[in-house]
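Asks: In case you want the letters, here they are:
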Amino acid sequence: MFEDILHNVQKQPSLVHCITNYVTVNDVANMVLASGGSPIMADDKSEVEEITSICTSLVINIGTLNARTVEAMVLAGKRANELGHPVILDPVGAGASSMRTETVKRLLKEVRFSVIRGNISEIKTVFEGSGATPGVDASEADAVTEENLWEAADMAKRLSAQTGAVVVITGATDIAADEHKAFILRNGDPMMAKITGTGCMLDGVIAGFVGSNQDKVLEATAAAVCAMGYCGEKARAKCEGTSSLRMHLIDVMSSLTADELERGADVESRI
Amino acid sequence: MFEDILHNVQKQPSLVHCITNYVTVNDVANMVLASGGSPIMADDKSEVEEITSICTSLVINIGTLNARTVEAMVLAGKRANELGHPVILDPVGAGASSMRTETVKRLLKEVRFSVIRGNISEIKTVFEGSGATPGVDASEADAVTEENLWEAADMAKRLSAQTGAVVVITGATDIAADEHKAFILRNGDPMMAKITGTGCMLDGVIAGFVGSNQDKVLEATAAAVCAMGYCGEKARAKCEGTSSLRMHLIDVMSSLTADELERGADVESRI
Amino acid sequence: MFEDILHNVQKQPSLVHCITNYVTVNDVANMVLASGGSPIMADDKSEVEEITSICTSLVINIGTLNARTVEAMVLAGKRANELGHPVILDPVGAGASSMRTETVKRLLKEVRFSVIRGNISEIKTVFEGSGATPGVDASEADAVTEENLWEAADMAKRLSAQTGAVVVITGATDIAADEHKAFILRNGDPMMAKITGTGCMLDGVIAGFVGSNQDKVLEATAAAVCAMGYCGEKARAKCEGTSSLRMHLIDVMSSLTADELERGADVESRI
Numbered sequence: 091m092f093e094d095i096l097h098n099v100q101k102q103p104s105l106v107h108c109i110t111n112y113v114t115v116n117d118v119a120n121m122v123l124a125s126g127g128s129p130i131m132a133d134d135k136s137e138v139e140e141i142t143s144i145c146t147s148l149v150i151n152i153g154t155l156n157a158r159t160v161e162a163m164v165l166a167g168k169r170a171n172e173l174g175h176p177v178i179l180d181p182v183g184a185g186a187s188s189m190r191t192e193t194v195k196r197l198l199k200e201v202r203f204s205v206i207r208g209n210i211s212e213i214k215t216v217f218e219g220s221g222a223t224p225g226v227d228a229s230e231a232d233a234v235t236e237e238n239l240w241e242a243a244d245m246a247k248r249l250s251a252q253t254g255a256v257v258v259i260t261g262a263t264d265i266a267a268d269e270h271k272a273f274i275l276r277n278g279d280p281m282m283a284k285i286t287g288t289g290c291m292l293d294g295v296i297a298g299f300v301g302s303n304q305d306k307v308l309e310a311t312a313a314a315v316c317a318m319g320y321c322g323e324k325a326r327a328k329c330e331g332t333s334s335l336r337m338h339l340i341d342v343m344s345s346l347t348a349d350e351l352e353r354g355a356d357v358e359s360r361i
Numbered sequence: 091m092f093e094d095i096l097h098n099v100q101k102q103p104s105l106v107h108c109i110t111n112y113v114t115v116n117d118v119a120n121m122v123l124a125s126g127g128s129p130i131m132a133d134d135k136s137e138v139e140e141i142t143s144i145c146t147s148l149v150i151n152i153g154t155l156n157a158r159t160v161e162a163m164v165l166a167g168k169r170a171n172e173l174g175h176p177v178i179l180d181p182v183g184a185g186a187s188s189m190r191t192e193t194v195k196r197l198l199k200e201v202r203f204s205v206i207r208g209n210i211s212e213i214k215t216v217f218e219g220s221g222a223t224p225g226v227d228a229s230e231a232d233a234v235t236e237e238n239l240w241e242a243a244d245m246a247k248r249l250s251a252q253t254g255a256v257v258v259i260t261g262a263t264d265i266a267a268d269e270h271k272a273f274i275l276r277n278g279d280p281m282m283a284k285i286t287g288t289g290c291m292l293d294g295v296i297a298g299f300v301g302s303n304q305d306k307v308l309e310a311t312a313a314a315v316c317a318m319g320y321c322g323e324k325a326r327a328k329c330e331g332t333s334s335l336r337m338h339l340i341d342v343m344s345s346l347t348a349d350e351l352e353r354g355a356d357v358e359s360r361i
Numbered sequence: 091m092f093e094d095i096l097h098n099v100q101k102q103p104s105l106v107h108c109i110t111n112y113v114t115v116n117d118v119a120n121m122v123l124a125s126g127g128s129p130i131m132a133d134d135k136s137e138v139e140e141i142t143s144i145c146t147s148l149v150i151n152i153g154t155l156n157a158r159t160v161e162a163m164v165l166a167g168k169r170a171n172e173l174g175h176p177v178i179l180d181p182v183g184a185g186a187s188s189m190r191t192e193t194v195k196r197l198l199k200e201v202r203f204s205v206i207r208g209n210i211s212e213i214k215t216v217f218e219g220s221g222a223t224p225g226v227d228a229s230e231a232d233a234v235t236e237e238n239l240w241e242a243a244d245m246a247k248r249l250s251a252q253t254g255a256v257v258v259i260t261g262a263t264d265i266a267a268d269e270h271k272a273f274i275l276r277n278g279d280p281m282m283a284k285i286t287g288t289g290c291m292l293d294g295v296i297a298g299f300v301g302s303n304q305d306k307v308l309e310a311t312a313a314a315v316c317a318m319g320y321c322g323e324k325a326r327a328k329c330e331g332t333s334s335l336r337m338h339l340i341d342v343m344s345s346l347t348a349d350e351l352e353r354g355a356d357v358e359s360r361i
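Keeping their order, the protein sequence lines are chains A, B and C. Quick note: the first sequence uses the working numbering, first residue 91, plus one each step. Quick note: the second sequence uses the working numbering, first residue 91, plus one each step. Quick note: the third sequence uses the working numbering, first residue 91, plus one each step.
In isolation and in its complexed conformation, chain A is listed as follows (with noise of 0.2 Å):
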């Protein structure tokens, strides 16, 4: 199903702006160049138009932001609205600061997303414009079950209706939706949270395969979740602990093949 996603990533490989944290950054340009894509990692206001202009994508992710940053997330996302880029946002902490919660509704008030991808916390604080996010991890009153995934999955559309962006949840169970359809991806380990920063290689991942596959934006993002997913399931096998999960986490992304991905993949949709 993800067949043809990952076809194009080969063919037409994404130069991929990040505008990310400076925690994870290293493991995202990894996963990027592992999942067929190139990095540039820019964040001086004076630069990032121009930087932007030469990349096929922009992911701005919020998890170390500043005030400096900031001014560079908006400036960039423009100029990337301007010329057509996809650009994604991770909402890191959404919810833990009135800064976070009050610079996602300047970035969704100043630029146009093509995905929003974050925890279950951090996608109801964008919904609801405030919330209580207990960190960089979803508090656990707010869990996605299979009780509550429909429900959740609605939420996603609802707030794909709103932005015009696919909304992507991560959890035990994943969800990527737009206003019409939502996929439920099964793929992943509980392990995965045990170490920093898998979401924000992801974003990486996405932006490289919507980069590759412009038309298909919702099953290019779920094709990444999937991936991602997938590589992590595979990775849990090999590993000793968890920086050990980390690494065999990238070397399995940097060998994927469209027809492994193919055999993998544990996906429903419903519209």
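It is possible that some hints are incorrect.
[Claimed, not checked] Derived SDA-like pairs: lysine to any residue, alpha-carbon spacing no greater than 20 Å straight-line:
id, chain 1, residue 1, chain 2, residue 2
1, C, 101, B, 280
2, C, 247, C, 361
3, A, 284, B, 347
4, B, 101, B, 349
5, B, 135, A, 158
6, C, 135, B, 161
7, B, 328, C, 328
8, B, 306, B, 91
9, C, 284, A, 102
10, B, 328, C, 330
11, C, 135, B, 224
12, B, 135, A, 192
13, A, 101, C, 281
Calculated from the structure, these hints are not laboratory results. Everything numeric in this text was worked out from a predicted model, so none of it was measured.
Could you slot chains B and C onto chain A? The hints should help.
Replies: Below, chains B and C alone, put in the same frame as chain A:
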């Protein structure tokens, strides 16, 4: 001896706010996770007070300090003090530049610390108010040996009496002391000095352990130091070079049990 | 041929001050350690002159430059010049934005460099004063092949004559040249391009090797390039994907002997 400490870490995991350097921040985040806590990195002065409020403990590490982040350190430290959260100071490179030495003086004046951790040259600088640390590693002239071990432990106890903080001196042999009692910890491997960030990672482990054991700061700190050293020994036995040492170090920590640490600990204490 | 160089690295290890990007900084620090030096990262203008004074050599890498760090680069570079410390320039992405191109021009005007290292597109930009580097990777149109190899080496020699610096062009085949002589270095593996930071890590190795061999800048630089390529070959043979390639690269460097490099080196030189 440290069993209770580790059980509390599991029962009541800490959320650790880190204002740390951009060199080792990813390893710190992954090590906090591996040792049972959750990390959040945030360093903008507009949000650090709010972020630290939702956390259990705070790490202030001046490894790549700059004018912007020093203000954030002071604000976060003061707020953590108001809330009674343990605050850990890592005076990286104190004595190597006057900016570092003066920043440490300011932090000690404006913030109360629960734990101060550094190498012997850094701790000497903190104790004496000036120093000549040759970079971020300890001076060979300062090296702690079996001969001057109790002299170093005595300095740690006196600095603890002055500051109210548990003082940790890491090196070939580690010391953790409050005003009344010093632990000498002999776990670890010399090869750990060949990777960057073992000290910074330890800051995060201490913050997690102390956050879950706020009534036993000295014991929790000693347990963290011991756990780090013990994991270093196991990692050394598995590794093929310095980068795999780092990977195994985090891997081993991610599966460390209270029982295993109990059997592996090499600890001596003296009043 | 490089045995003496490596012996000097062991006898007189360098302390390397790095003002580098936040993407690959951890790998740079660990690679400096693995190759026999000690790293210190500091980029605030209030302390860079003092920090560089206690070091042996300085790396200036503009990978994620911003207004704040550019000033620190100039200050540190000037101080290192006054003290006669070797200074290494990595003009990352020169030609990809005018900020990068202009910053490189300013640095070349205000600081004397011992070594300039970049990919072919970056070096062309430095040589010609303008360019159109497509991100942080070289343009395919610029690729160095067996056909245009001596033409590229000639450009390196001419840029060396202009600047006084040894010029390194890295790619499928590597070139290190001063005004009089060029080394062609054929070690390495194409898979090294699939991880971020091999160039930045090489900057650190060069700074360490040159710091310990200040009277033989060209040979020390060529030895560093050769060591990096040779370690890449060995790492390629051990790895299962891109992330383990990175780990093995640092692992292999951490146990590299002068003898082994002597046997593995694939070097040609021409006047």
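Asks: Checked against the structure, which of the hints given earlier come out wrong?
Replies: none
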